[in-house]
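Q: The chain contents come next:
Protein chains: 2
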Amino acid sequence: MYSSKLPLEPNFLLSYLMLLQQNSIGEDVLIASAILEKNMQASIQPLVDLTYDDMLAVNELVRSKACSEIQMIPEVANHLISSGGKRLRPMITLAAARMFGYDGPHHIKLAAAVEFMHTATLLHDDVVDESGRRRGKSTARMIWGNQASVLVGDFLLGQAFKMMVDVGSLTCLDIFSNAAAIIAEGEVMQLAAAKHMETSEQEYLAVINAKTATLFAAAAEVGPVLAGGGDKIRTALFRYGSSLGLAFQLIDDVLDYGGIADNLGKNIGDDFREGKITMPVILSFSRSSKEERLFWRRAMEMGENDNTALATALALMHKYKSLDDTIQRARLSGERAHQALLPLKASPQKDALIKVIDFCMSRFH
Amino acid sequence: MYSSKLPLEPNFLLSYLMLLQQNSIGEDVLIASAILEKNMQASIQPLVDLTYDDMLAVNELVRSKACSEIQMIPEVANHLISSGGKRLRPMITLAAARMFGYDGPHHIKLAAAVEFMHTATLLHDDVVDESGRRRGKSTARMIWGNQASVLVGDFLLGQAFKMMVDVGSLTCLDIFSNAAAIIAEGEVMQLAAAKHMETSEQEYLAVINAKTATLFAAAAEVGPVLAGGGDKIRTALFRYGSSLGLAFQLIDDVLDYGGIADNLGKNIGDDFREGKITMPVILSFSRSSKEERLFWRRAMEMGENDNTALATALALMHKYKSLDDTIQRARLSGERAHQALLPLKASPQKDALIKVIDFCMSRFH
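If you read the protein sequences in the order shown, they are chains C and L. Mapping the first sequence onto my numbering, position 352 (from 1) lands on 352, and the numbers just tick up by one. Mapping the second sequence onto my numbering, position 137 (from 1) lands on 137, and the numbers just tick up by one.
Just so you know, the hints here were simulated from the structure itself, not pulled from any lab data. Being a predicted model, the structure only gives us computed values, none of them experimental. Don't be surprised by glycine CBs; every beta carbon is placed ideally from N, CA and C. Please note that the accuracy of each hint is not assured.
[To be verified] Covered, in the sense of this in silico footprint (three residues per stretch, anywhere, with C-beta under 8 Å from a C-beta of chain C), are these stretches of chain L:
#1 71-77
#2 136-150
#3 161-169
#4 180-194
[Claimed, not checked] So, partial list: chain C residues that the calculated Cβ filter (under 10 Å) puts toward chain L:
#5 Thr121
#6 Ala179
#7 Ile182
#8 Glu304
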């Protein structure tokens with residue numbers, strides 16, 4: 001069992017939100033927040049330390065490959081690249097390669113390619129979701145327009161594939177090109193499901209498996225491939241990444257209904273206002289009375305989603321423990337990630353990858 | 001010298017447009033149109049015939065790879081795929097592979113990948129240009145929204161890379177991933193240049209080299225790569241494709257100011273209304289008087305682009321022979337495409353690829 005000390009109980013989230021809304025944050029909440037912040041940092045620190053030198057090289061490569069004589073390209077790309085993402089995915093690639101004794105130079109390129117695939121997805125996502133803010137900043141599309149976001153995303157995807165080709169591993173190319181198609185498929189699935197309250201839990205899990213878990217899985221799996229590891233090890237890392245990604249997304253869904261807006265860089269209720277059907281909504285809807293279901297339909301399908309509606313949604317999530325239960329599902333997925341690594345021989349990388357499961361569960365920003 | 005019988009003199013274009021506007025198309029014009037249509041068909045027929053069986057396989061592969069359980073994906077993809085494009089790029093790939101004796105199965109996959117890269121670009125282009133119609137039909141974004149166009153484009157690009165990985169040639173992957181990044185770069189370049197009357201002829205040539213010529217070049221170059229041809233042959237095919245693509249785009253620019261709307265599936269003056277600076281505009285502007293330049297600025301930079309403004313633009317293009325001279329540049333580029341193939345040994349494919357230069361020059365739709 002990994003030591004999941006889940007810091008954010010849904011009741012806490014809800015009361016926190018209420019406090020924020022009243023502009024009267026109590027001292028105890030601030031202290032609790034500081035402790036959580038410290039715990040979270042502790043759970044990602046081993047991975048950060050282990051990959052420190054390699055990440056310097058990755059960051060340098062990311063900077064250089066986002067360059068172009070066309071000024072708008074580095075402007076748009078760097079806006080997102082330098083906005084303080086944790087770079088979890090490339091760190092996973094680096095650790096997964098080193099874990100099996102890889103000592104060549106190619107993991108740097110694959111890690112940078114993973115980060116570019118992720119950045120390209122975010123740029124396109126913001127256009128699709130018509131998002132105004134990400135990571136506490138205006139989205140690229142708000143500054144440079146949808147067009148630039150679409151095209152710079154395409155450019156970064158092209159650069160990602162170029163780096164993969166440079167590495168010269170057809171197996172890695174297979175993993176990543178497959179991931180690219182599945183991620184897009186997941187995004188279309190989500191688009192088709194948007195504003196449809198009939199979306200089932202299974203359908204939603206298929207969406208986030210495709211759109212989020214796939215890239216985590218690919219990021220982890222290419223590590224042992226590069227190191228020449230066998231199928232068993234590849235499968236272990238694939239499962240680890242996939243389960244971690246699922247947990248990550250489910251916690252994201254919870255945070256959208258209760259994270260701390262300033263820290264998260266995302267407004268509370270963004271998903272709600274976009275009519276995005278996520279796990280907390282699906283669980284609430286399935287447990288709601290006939291009348292409450294009408295509320296959900298009006299809110300998610302017909303766009304009656306002002307702040308009063310958001311408060312009602314939060315109250316219903318509280319009533320039906322939908323945030324608790326989403327976290328519970330994330331916890332199970334985190335368990336699966338942990339289980340996947342268990343049979344592998346001990347290494348500092350293995351420990352760090354296990355610890356980072358806690359990070360994904362306790363993310364504040 | 002290839003036999004360029006350019007059918008569309010600009011004066012003819014202009015008078016044709018005027019006739020169309022007056023709803024009084026004379027019989028002589030209709031006859032001329034029929035002759036041109038026949039010439040055009042004759043110039044592409046050898047390539048169509050030579051690649052007929054292979055194209056059946058390509059079309060089947062395109063259909064199957066555009067499939068997905070997510071219904072929206074084949075809907076959006078097939079809307080564009082089945083809209084009657086000539087599939088010039090995949091035919092070039094097929095002929096370029098066969099030309100050097102390739103008799104394996106992989107050229108089919110590469111040809112389908114080329115078509116998917118092209119389709120993905122069109123889907124994203126329509127979003128970027130906010131286009132309402134393409135090939136005589138509503139664009140996908142008008143029916144399913146910008147979001148679906150962005151994401152299905154991403155999906156097709158992922159599928160294209162999967163097919164390339166299937167083929168297993170790192171050189172082909174290198175060519176295509178490089179092309180993907182350059183195409184996106186060209187699109188961003190065009191976006192940055194949009195509505196800027198200062199765009200020079202050289203800058204514009206760089207844009208269309210990147211956004212159009214690159215995919216033609218890649219489509220042609222992978223043929224000899226697959227057949228195991230040497231650098232000299234690869235370079236010849238690359239140059240052929242690149243020059244052909246440039247000519248193709250320049251003729252496209254002319255057609256936008258004078259094609260036959262119903263046949264072309266594109267409204268006359270689309271580029272004008274979108275403030276897109278293309279070769280005919282650049283040539284007109286550089287030759288215009290101070291006062292005329294003010295007109296161009298108002299039209300292209302400030303959006304004063306109603307039908308009266310379009311008529312003025314056409315009159316200025318007529319006055320300064322900008323359409324003639326754009327065609328002249330296309331003709332020179334077609335010459336270069338022809339020259340590139342000259343040193344290669346005789347083959348039916350070589351003849352067909354040379355004939356298709358005429359097609360690109362005489363396109364009506």
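Q: Indicate, hint by hint, whether the structure satisfies it.
A: How the hints compare with the structure:
no. : hint    : verdict
1   : 71-77   : holds (count 3)
2   : 136-150 : holds (count 4)
3   : 161-169 : holds (count 5)
4   : 180-194 : holds (count 11)
5   : Thr121  : 8 Å, holds
6   : Ala179  : 8 Å, holds
7   : Ile182  : 8 Å, holds
8   : Glu304  : 21 Å, violated
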